[in-house]
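Just need the whole structure built from these sequences, with the hints factored in.
So the sequences go chain by chain: B and Y.
Note that the numbering used here gives residue 407 to position 182 of the first sequence, counting from 1, and the numbers run on in steps of one.
Note that the numbering used here gives residue 997 to position 233 of the second sequence, counting from 1, and the numbers run on in steps of one.
If you are wondering where the hints come from, they were derived from the structure by calculation, not from laboratory data.
One should not assume that every hint holds.
Claimed, not checked - Taking lysine-lysine pairs in the DSBU-like style, the calculated list, with each CA pair at most 30 Å apart, reads:
| id | chain 1 | residue 1 | chain 2 | residue 2 |
| --- | --- | --- | --- | --- |
| 1 | B | K576 | Y | K1018 |
| 2 | Y | K1091 | Y | K968 |
| 3 | Y | K1051 | Y | K968 |
| 4 | Y | K1091 | B | K413 |
| 5 | Y | K1051 | Y | K1091 |
| 6 | B | K413 | B | K384 |
| 7 | Y | K1051 | Y | K1018 |
| 8 | Y | K790 | B | K384 |
| 9 | Y | K968 | Y | K1018 |
What the hints assert, rightly or not - Okay, the calculated bits of chain B under chain Y, using three or more residues with CB under 8 Å as the criterion:
| id | region |
| --- | --- |
| 10 | 333-339 |
| 11 | 406-417 |
Stated by the list, open to error - To be clear about the criterion: a stretch of chain Y counts as covered by chain B if any three or more of its residues have a C-beta under 8 Å from a C-beta of chain B, and this derived list gives those stretches:
| id | region |
| --- | --- |
| 12 | 856-869 |
| 13 | 874-886 |
| 14 | 983-990 |
Glycine included, each C-beta is placed from N, C-alpha and C at the ideal position.
The lines below spell out each chain.
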Amino acid sequence: MTQARNERLSTASTLEVPALALSSEQQRELYQLLETVRHLDLSAIAWQRQGIIPGYAPERGQEAAQVGSAYAMNRELDFIFPTYRELGVARAWGVDMVAYMSTHKASWHGGLYDPVASRFAPIQAVVGGSVLHAVGWAHGQTLNGPLNTSTDEPQPSGKYGVAISYFGDGASSQGDVHEAMNFASVFKAPVIFFVQNNGWAISVPTDRQVAGGSVAARAAGYGMPTIQVDGNDIEAVYAATSAARTHAASGQGPVLIEAMTYRRGPHSTSDDPGRYRSLDEERSEAGQDPVDRYAEKLQAAGVVDQTFLANALSNAQDEEEQVRAGVIALGSRPGQEMFDFVYAEPTAELKAQAASWREESEHV
Amino acid sequence: MSEITTISMQKALNLALADSLRADPKVLILGEDVGTLGGVFRITDGLQAEFGSQRVFDTPLAESGILGMSVGLALAGYHPIPEVQFDGFAYPAVNQIISQIGRMNYRSRGTMPMPITLRMPSFGGLRAPEMHTESLEAMLAHVPGLKVVSPADPQQAYHLLKLAASMPDPVMFLEPKPRYWQKAEVDVTNPGNLQGARIAREGKHVSLIAYGAMVARCLQVAELAAEDGIEVEVVDLRWLKPIDTATVAASVAKTRRAVVVHEAPLTAGLGGEIASRITEACFDTLKAPVERVTGFDVPYPSGDLEDEYVPNVDRILFGIQRVLTYKRLGA
Ligand SMILES: Cc1ncc(C[n+]2csc(CCOP(=O)(O)OP(=O)(O)O)c2C)c(N)n1
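Okay, here's the thing in structure tokens:
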């Protein structure tokens, strides 16, 4: 049986993580983000039950890992390569939430946001599929050469923009992930491999998924520094990602972060976790809820009070209302779009197919 | 003014790559052994020396890695020209080719085009070990979002590769291995029309439709048939996605008989697709059903049996015979 998550921090981190002092304002911002993501995520499950969206991949328990890591990245310079479970990353990064949810509404694979403008790659359904893309993009930054440091501006961001690739412990079994780690180390690419080890790949627990002790231990075998971090601790994740970013941005190559989290609830809205674990097991293995934990910490430190927390919840509720309305208002895409984006230079043949589709269909 | 040189396809491809690297600083070449060695077929010979190891570089030996990395490089504004050492070794990268390269422009609603030119030494004819001799064209042509092209001679090779390397969409560039060392005239200044198919030889009795290495073989068949007074028209398809139905149909409308020739297995091969298009376009004028002369539904056999597998002159002549002697029921 799987042990409690925090006991499974088996690999020593090999990259030193300096302590980071967050301002009270930043802490409050982080908490607001956590609360917003928690609320949107739970709501999305409700929307599925209400028939507003056909399906959703919940992330309860991973909010701290997602928000904390995204918060550490640079929005002007960096690029995010997500999977299908990155609502929290997207929200913390500023991706439009209705456009993000549109993928779960089945409007458009990859979502309706502009991935180039938002520096957040299209939602990826293939497990491990985009990990190599992050390496390629990162190598592109190296080829571009160091960022312009000739100005008098201080350059806290380092020499290179950094790619961050999110994936799960299950995805870490994919050959592409191993090719990506090897390539990244060989090319010293400025990339962060951010593993959310949530304990499960659908019904298969990590110990039936990951040989070699941990994902971080494998990454160490590729010669890159690694950090294992308590994924329920948002400030620890933020500090770890900041350290990794500094390392990669300065041209020292890739870092792998393994955030130990726990996916509470089902893998997706069509999953039945009762078939592979009990609610008691979930309670005993999940560790402390990351949102509650941060609320307690900030309260104890006098950074937030009950009023702040109540406000944070009500802000989250307001935002959820707006996103919900936006998602409901999303009409079907015009059929023509099916043909519009296949090629940058569409073929005459495809244009002909589009023309006959138009002729033969009623909904023009 | 035209500038004509007589060179091999290998040299023509090498020149096209050099020209592409020179023309666009965003063009990159990556793959296994493409650097100092110049590729196992020497297609990238001398390019690293001339353009540096940032622009022409060896990768670790992992095809999915090469293609997946190319996706990221394309996202970062580059035009990667990855090489897969042999066609059969593209299979480990099929996930990246189909689910990523072929779809990224679509998935991203046109904001992330994939200007990737994947070069693959393709098809048989070298009596090479297993997986060094494959025909992926039907599989690739079936994938939405990809374009597929195969040159038949040095002139086509030079200009089609330069064209592919300037296109914003992913192009699967299938190089016919047995033609690498055949020399022919190349007019580097005059590409001619590179769109669609091309008539490689005119004739009026039957159309042979082929691509890649089979074009040269069909031209040889045409020579032999001419001795018997049969005028064979040879259509070099060139683009396998999209297929130039109009040029094929125009040829068949004239000859009223068609034989499609390819090395790939018969079942679900491009021959069936082309035959179907000809039937749609030329049903009334056809004097015989469209014939196919292809490989068989077996794995590409080892060298000893290769000549039995790849359509040879005799089998193609039999195909021509079948369409020429076809009798309608009751006629
Ligand atoms: C290549 C591939 N195989 C199978 C699937 C089906 N699938 C979707 S999610 C999943 C489990 C992934 O687990 P993990 O990587 O740990 O991420 P998590 O879902 O736990 O966040 C599977 C098998 C897929 N999407 N892609």
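Okay, the hints, checked on the actual structure:
The hinted pair formed by K576 (chain B) and K1018 (chain Y) meets the criterion: a straight-line CA distance of about 27 Å does not exceed 30 Å. With a C-alpha separation of about 19 Å, the suggested pair K1091 (chain Y) and K968 (chain Y) falls inside the 30 Å cut-off, and the hint holds. Straight-line distance between C-alpha atoms of K1051 (chain Y) and K968 (chain Y) comes to about 13 Å, which keeps the hinted pair within the 30 Å bound. A C-alpha spacing of about 68 Å is found between K1091 (chain Y) and K413 (chain B), which places the hinted pair above 30 Å, so the restraint is violated.
Using a Cα cut-off of 30 Å, the hinted pair K1051 (chain Y) and K1091 (chain Y) holds, with the two alpha carbons roughly 9 Å apart. Of the supplied pair hints, the one linking K413 (chain B) and K384 (chain B) holds, its CA atoms being roughly 13 Å apart against a limit of 30 Å. This hinted pair checks out: K1051 (chain Y) and K1018 (chain Y) have alpha carbons roughly 11 Å apart, not beyond 30 Å. With a C-alpha separation of about 20 Å, the suggested pairing of K790 (chain Y) with K384 (chain B) holds against the 30 Å cut-off.
For the proposed pair K968 (chain Y) and K1018 (chain Y), the alpha carbon gap of about 7 Å is at most 30 Å, so the pair holds. Look at the region 333-339 of chain B against chain Y: 5 of its residues bring a Cβ nearer than 8 Å to a Cβ of that chain, three or more, so the hint holds. With 3 residues having a beta carbon nearer than 8 Å to a beta carbon of chain Y, the region 406-417 of chain B meets the requirement of three or more and the stated coverage holds. As drawn, the region 856-869 of chain Y meets chain B at 8 residues by the rule of a beta-carbon pair under 8 Å; at three or more, the given contact holds.
Counting residues of the region 874-886 of chain Y whose beta carbon lies closer than 8 Å to any beta carbon of chain B gives 5, which reaches the threshold of three, so the coverage claim holds. By the rule of at least three residues with a Cβ nearer than 8 Å to a Cβ of chain B, the coverage given for the region 983-990 of chain Y is violated, with 0 such residues.
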